[in-house]
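Turn these sequences into a full structure, and let the hints guide you.
Number of protein chains: 2
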Amino acid sequence: MHEQEQALRELVKQMEDAWNAGDAAGFAAPFTDAATFIHIYGGQIDGRPAIEQAHRFIFGGIYRDSRNQYTVRSVRFLRPDVAMVLVEARLQFRENGEAREIQARPTMIAVRNDGRWAVEAFQNTRISEMPAAARTS
Amino acid sequence: MHEQEQALRELVKQMEDAWNAGDAAGFAAPFTDAATFIHIYGGQIDGRPAIEQAHRFIFGGIYRDSRNQYTVRSVRFLRPDVAMVLVEARLQFRENGEAREIQARPTMIAVRNDGRWAVEAFQNTRISEMPAAARTS
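Protein sequence lines correspond, in order, to chains A and B.
Each residue of the first sequence is one higher than the last, beginning at 1 in our numbering.
Each residue of the second sequence is one higher than the last, beginning at 1 in our numbering.
Hints may be right or wrong, so weigh each one.
As the list claims (entries may be wrong) - Covered stretches of chain A, as calculated for chain B (at least 3 residues, CB under 8 Å):
#1 38–44
#2 48–62
#3 83–97
#4 115–123
Said to hold, decoys possible - Cβ pair distances, simulated, as ranges:
#5 B:D46 with A:Q4: 19 to 27 Å
#6 B:A7 with A:A34: 19 to 27 Å
#7 A:T71 with B:K13: 34 to 42 Å
#8 B:N20 with A:R9: 38 to 46 Å
#9 A:R90 with B:D46: 19 to 27 Å
Bear in mind the hints are in silico, worked out from the structure with no lab data behind them.
Here a beta-carbon is modelled for each residue, glycine too, at the ideal position from N, C-alpha and C.
Printed below as a string of structure tokens:
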């Protein structure tokens with residue numbers, strides 16, 4: 001496998017492992033200082049410190065002891081040092097004692113500076129039922 | 001204003017105008033041949049022909065005579081020829097005779113080849129109420 005693609009897949013694995021350990025600093029570590037993060041409710045978080053803080057909050061609350069599984073669907077190099085990584089996420093957690101699952105499609109835009117890849121943008125969209133009227137097939 | 005930023009804002013305006021004219025080919029024109037499009041229900045559409053076809057379907061159905069307003073929130077150059085454009089969308093349409101509105105946060109990743117900007121990735125996330133347990137403030 002392409003060495004750069006391998007590095008990007010490791011970044012995703014690092015985030016998955018950090019999520020599953022409830023480690024907010026580890027989850028935020030791959031982001032650039034000024035990274036943009038858009039979560040499944042459409043809110044935007046600006047910068048690594050705020051990304052870390054928001055994840056510390058949810059790892060201590062609604063997503064405590066949750067399990068997130070990231071599957072890399074594709075890695076595309078827009079430039080040798082800019083990559084788009086399409087991921088499918090499956091998040092399992094408990095809410096009021098009941099098992100819940102969220103499936104989503106996070107996309108990461110990563111840039112390589114001084115030989116190191118970092119996530120400049122992360123956007124997540126929940127996979128939900130499309131209204132029948134909007135379905136094309 | 002920076003000439004390249006101006007070109008990107010014009011691309012967004014072109015998409016907004018095409019949407020409001022119900023013009024699927026015009027809406028899809030700014031995308032690259034192999035562009036990735038993730039819509040608010042988390043589905044993925046691959047390539048400009050499929051993006052055009054999907055929009056032709058919704059422009060003739062659920063979003064017929066709808067009005068979409070794109071507000072560019074920021075343009076960030078990841079490289080001189082790779083840009084991230086953060087947009088807020090306000091879509092007004094009618095469903096069974098009732099007025100509906102969807103607010104969303106589409107992000108476009110654009111690349112410039114041979115002096116021309118094109119959209120390589122478009123991801124949209126609906127702005128929805130966050131569960132109280134997930135709120136950080």
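Here's how the hints hold up against the structure:
1. 38–44: With 7 residues in contact (Cβ-Cβ under 8 Å with chain B), the coverage given for the region 38–44 of chain A holds.
2. 48–62: With 6 residues in contact (Cβ-Cβ under 8 Å with chain B), the coverage given for the region 48–62 of chain A holds.
3. 83–97: Coverage by chain B holds for the region 83–97 of chain A (3 residues, Cβ < 8 Å).
4. 115–123: holds (count 3)
5. B:D46 with A:Q4: 19 to 27 Å: holds, 22 Å
6. B:A7 with A:A34: 19 to 27 Å: holds, 23 Å
7. A:T71 with B:K13: 34 to 42 Å: holds, 36 Å
8. B:N20 with A:R9: 38 to 46 Å: With a Cβ separation near 41 Å, B:N20 and A:R9 satisfy 38 to 46 Å, so the hint holds.
9. A:R90 with B:D46: 19 to 27 Å: For B:D46 against A:R90, whose Cβ atoms are near 21 Å apart, the range 19 to 27 Å holds.
Hint violations for this structure: none, all hints satisfied.
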